[in-house]
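Chemist: Join the two chains into one complex using the hints; note that each chain is given alone, in its own frame.
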Amino acid sequence: MLSYFSNPQRFDRLARTLIPVFGSLTVVLLGVGGWLALLGSPPDYQQGETIRIMYVHVPAAYMAMALYAALAVASFVYFVWRHALADTAAEIIAPIGALFTVLALFTGSLWGKPMWGTWWEWDARMTSVLVLLLVYLGYMALRAALEDAQQAARTGAVLAMAGIVNLVIVKFSVDWWSSLHQPASLIRLDGPTIHASQLWPLVIMILAYSFLAGWLVLYRLRSQALRRRARALQRQRDQAARQREEAVS
Amino acid sequence: MSALGAILAREARLAWAGGGGPAGPAAFFLGAITLAPLAIGPAADLLVAVGPGIMGFAALLSVLQSADRLFGDDHVDGTAELYLLSGVSLPGLVLAKVLGQASATLWPLPVIGLFGALMYGVPVLPACVGALALLAAIPALSLIAGFAGALAAGVRRSGLLIALIATPMMVPVLIFAAGAGRSALAGDERALANLLLTIAVSLATAALAPFGIVAAVRSRMG
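The listed protein sequences correspond, in order, to chains R and W.
Just so we're on the same page, our numbering is the position in the first sequence counted from 1, plus 503.
Just so we're on the same page, our numbering is the position in the second sequence counted from 1, plus 160.
Pulled out of the complex, with its shape left as it was, chain W reads as follows (with noise of 0.2 angstroms):
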């Protein structure tokens, strides 16, 4: 246990010190959520109508945004050999990692998510609802990502290799965790089941994803 703490700890401390924390990630939610009402247009019933789907989308886009760094670096250093060596218990070990990282840069999204639909003119109720709704989205995201990152890991321009994988798996857990938003915008007693169904989807991701990338890691060894 001490081995994975110490684990999520590294990537806690890694994610501050190499890649500014949690700016990148929060710094393109921003971004994104401001470009969008300009190209939208100002009409303040459709932005209030696509507000938390928004949100939903563009918190999605800056998970993927970092992805490329949490297996990537690892492959490419040796680390991941030696985390294979170390006979901690992989499925755990990945996990620890993916967490780690998510938690020191992915914080700020449900925060920014919050305010992003205020200013999207979306009422506080489900503005709330639906920043809850990406909290509870953030391990299944950053696990996907992690899967895709480490089926991709070190190789060029991975970015775009990992967009490509991850986007197809975070539908489910996107449909949920925007649908909450806008049933709860709509009233729609549904919002509750998407919120629930958003914490399942990130239950059963967190579940299933660890041996996957453990597996992915695996077949990237020569």
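Pulled out of the complex, with its shape left as it was, chain R reads as follows (with noise of 0.2 angstroms):
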């Protein structure tokens, strides 16, 4: 299945076809969570509408992982069976992911600031998301310094696959550290099982983040599959051109 699709005409039809199908499904599905969320739910019994920022974040923070484990995934098959798209893929997911994880940090902070009384709590699970974007902005940041488009993708590979480690690591680590450092005083938000009035919308939520981070994903492999074809097809003429001028002289 794999060779199937990393067949660039084969993805290019298969892509045309999915992106407007998830875009639409995202648009829908934001526009029913977001009503659903906003208004359509009660607000929480301990926490009041303030519960409502939940619909944003723990998406966002779902995300954030599940893009680094695409990632991971994408970088294996290109470092296995060197598939072009699969390095592309993986190219276009860390930027998208980082900007998730963002996210995540950024209404995390806005709920922890009402709930809490603290833009930022050391706690575990936050650490774990700040490690890993520095782990999406050094993945980056070394792609960016490589020139060279193969080792770029060689070297990107292998740096993702250590982080997938790593992360896993990281968890554990942070989990010991933040029980050794801190009394259990911290406001944990598990408690009773979620309530189905809050549930379904957070599950639309999660849907419609999903369908985005997969519509952003294939709509920038297209545009770089396109723009990689062409810089092929300008250098074949520039090169036809030349020789045609070397004929003549």
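None of these hints come from the bench; they were simulated from the model.
Ideal placement from N, C-alpha and C gives every residue a C-beta, glycine not left out.
Accuracy of the hints is not assured; some may be wrong.
[To be verified] Restraint ranges, calculated between C-beta atoms of paired labels, are given here:
hint, chain 1, residue 1, chain 2, residue 2, range
1, R, D741, W, R316, 24 to 34 angstroms
2, W, A346, R, L633, 23 to 33 angstroms
3, R, L517, W, S162, 38 to 48 angstroms
4, R, A644, W, P283, 40 to 50 angstroms
Modeler: So this is what it looks like as structure tokens:
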């Protein structure tokens, strides 16, 4: 299946059908989910209206992690099978994932202020997400620093795969650190299982974010593939022109 | 085995000849722990509390400080290509290389860490535990720095890039190494657990990182 879709033309056809589907699903789901989250669901019995931040925060945090997993899988596929499309996917997933990570940190901070009374709490989960942002930034910086495209692709793949091993260890070590570091005074959000009136908007928002990410990735992947093809055609034309000039002279 | 020994010795000699051996990281470490109290303030109880943590943090920074030399020079002058052609087991080779440089340049870190902790007012026993944890952390720190250095070998201003790549990877070892000193200071029985976890991270890094470094070196070859 991997090699089936690594054919650029086949991918282009698939992307051309999926992009509008994902786009319209994103718009519809964001609309419905946004209405449910902001107006159509009751305020929380403990957190009041601030619970509405959850509907934009939790999906962003989820996408930040899911996109890093996608980045690592794409890197693995590139590293093993050398499909150029997988590398392009890894390259464009990184900034999108980093953006969702920033969004998760930012909305988390806005939620933390009224709930915990502080913009930032060095608890295990927030710290891991901050480390995740650093991993994204390091990946993008490394790719940007390497001029040779193939070296950037291979080196980036090695780093992305090492990053996923690292993130797992970071998760455990940060849990250990925060249990050593802090008394159990943290106001935890887990508590009772989430009520259906809040679950539905959340599920819809998570779906909306997922389709948004899929839409962005496919759109940029297709643009990148087209750009690559345009460059190749340009090069061919230049070469043909040069040959003609040489023939004339 | 003799090839690996030769590489280890070469790295150690190079570190002494070209970069002043342990002087660079040691001076950096000393500078960092001298500046920290000036920024934090001279309050004695505060300095005791942050002492073990500052030692771990500053030691991490001074490992990063020399990381660009390890694979950068070899990448630029073609030694890395010769290593790939040499037929010596590559993971063993890079392990010998990193540990060779680390043993030549990083041995002052636990010593300075011990005296630094005492200067911050940390009692003798926690200071010793902290220094031991630093010693246990050096293999992990230098291998991670080596991995980042191999990825960014020969890039202009690679130091910044190495710091950005290595920082998230050093999170676990920093937590355990600094945690050993901190919990020893608090009289917590978790000091031993932290020390053992630091050793565990170092051993796991020694088992995994050489393969990552080899993949990184290969990926940078044309």
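Chemist: Now, for every hint given, state plainly whether the structure supports it.
Modeler: Each hint tested on the structure:
1. Checked against the hint of 24 to 34 angstroms, the C-beta distance between R:D741 and W:R316 comes to roughly 29 angstroms, which is consistent with it.
2. For the pair W:A346 and R:L633, the beta carbons lie near 25 angstroms from each other, so the given range of 23 to 33 angstroms is met.
3. In this structure the supplied range 38 to 48 angstroms is violated for R:L517 paired with W:S162, their Cβ-Cβ distance being about 56 angstroms.
4. Restraint check, R:A644 to W:P283: a C-beta distance of roughly 42 angstroms satisfies the suggested window 40 to 50 angstroms.
Hint 3 from the earlier list is the only one contradicted by this structure; the remaining hints agree with it.
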